[in-house]
Amino acid sequence: MSADYNSGSLVNAGKTISEQNINRIIQHSKKYQLKPSFLIAQMFIESHWGDPNISIVGSIDNNWSGISEPFTAPPDLGIRIRRGSAKPTNEGGYYVHFNTLDDYFSAYAFLLSNRNGIYKVEGKSTIEDFCKGLFRVGGAKADYAASGYQHYLSMLVPTYNAIKKQNPNKLEAIDTSTITNERNEFGMFIYYQPQASGTANDIYGVWGNKRFHLNNMDKVGHFKNMVKGATGIDCKEYQWERGSEQIKTVESFTELQKTVI
69 MSADYNSGSL VNAGKTISEQ NINRIIQHSK KYQLKPSFLI AQMFIESHWG DPNISIVGSI
129 DNNWSGISEP FTAPPDLGIR IRRGSAKPTN EGGYYVHFNT LDDYFSAYAF LLSNRNGIYK
189 VEGKSTIEDF CKGLFRVGGA KADYAASGYQ HYLSMLVPTY NAIKKQNPNK LEAIDTSTIT
249 NERNEFGMFI YYQPQASGTA NDIYGVWGNK RFHLNNMDKV GHFKNMVKGA TGIDCKEYQW
309 ERGSEQIKTV ESFTELQKTV I
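So the sequence shown is numbered by this note's numbering: it starts at 69 and just counts up by one.
None of these hints come from the bench; they were simulated from the model. For glycine and all other residues, C-beta sits at the position ideal for the given N, C-alpha and C. Fair warning: there could be bad hints in the mix.
[Said to hold, decoys possible] Quick list of simulated restraints, FRET-style, between CB atoms:
id: 1; residue 1: Leu324; residue 2: Asp302; range: 52 to 62 angstroms
id: 2; residue 1: Ala230; residue 2: Asn184; range: 26 to 36 angstroms
id: 3; residue 1: Gly311; residue 2: Gly161; range: 50 to 60 angstroms
Input sequences plus hints: build the corresponding full structure.
See the structure below:
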């Protein structure tokens, strides 16, 4: 079973990204089947990981990839933003200011996700396929960069390989790590597990770091309505085997409530 990432910072071309920020990127990437190492390489290209000598926007606005207005994210993500620095006069408009880097990492993972619906990078296992999914040539609805696919590929792949070479085994450790967020918000969903007898299912609802036993279908329906009301989307449901790694992970980060929902 994978574990939290604790192998330290990464370096590239004299720049450093901290273990804390790596863990934040892991946390948000894993919501969407995104390999965090790919995002880390992208963020280096965009701003050298927020280096103020390279990217004023990266340091002042906590915006490591120059996300511009207009930008909106689903309310359930809790991303805090406001208008940021003005863009160059020949471009016009404004960058987005993120209250914290954690807000930015959450926003960037969402931006790339299938939930946002623009790019086709979820589930990609190679940096080349990931890069292709950022552009129309790979099925995206828009090109990620005006410079085009081939130019971006010529930057992203060598950058990824350089980071990998300078930090032996760390990118592999990052991509196989599991992280829960600092507020212990594991998510909102329902999971089913077979009872020991195998004749029926036990049903549980997870709400953040709390777990509820839903012992009848009325409670299941009520829980689903609560999730839909809070997030605006349908409650996810999972069927897991008794004693599976998924259930062990959920149980390790949630507390079973004695109160009836």
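Hints versus structure:
1. The given range of 52 to 62 angstroms is broken by Leu324 and Asp302, whose C-beta atoms sit roughly 24 angstroms from each other.
2. Between Ala230 and Asn184 the beta carbons are some 29 angstroms apart, a value that agrees with the proposed interval 26 to 36 angstroms.
3. At about 53 angstroms, the beta-carbon gap between Gly311 and Gly161 stays in the expected band of 50 to 60 angstroms.
Hint compliance for this structure: hint 1 alone is broken.
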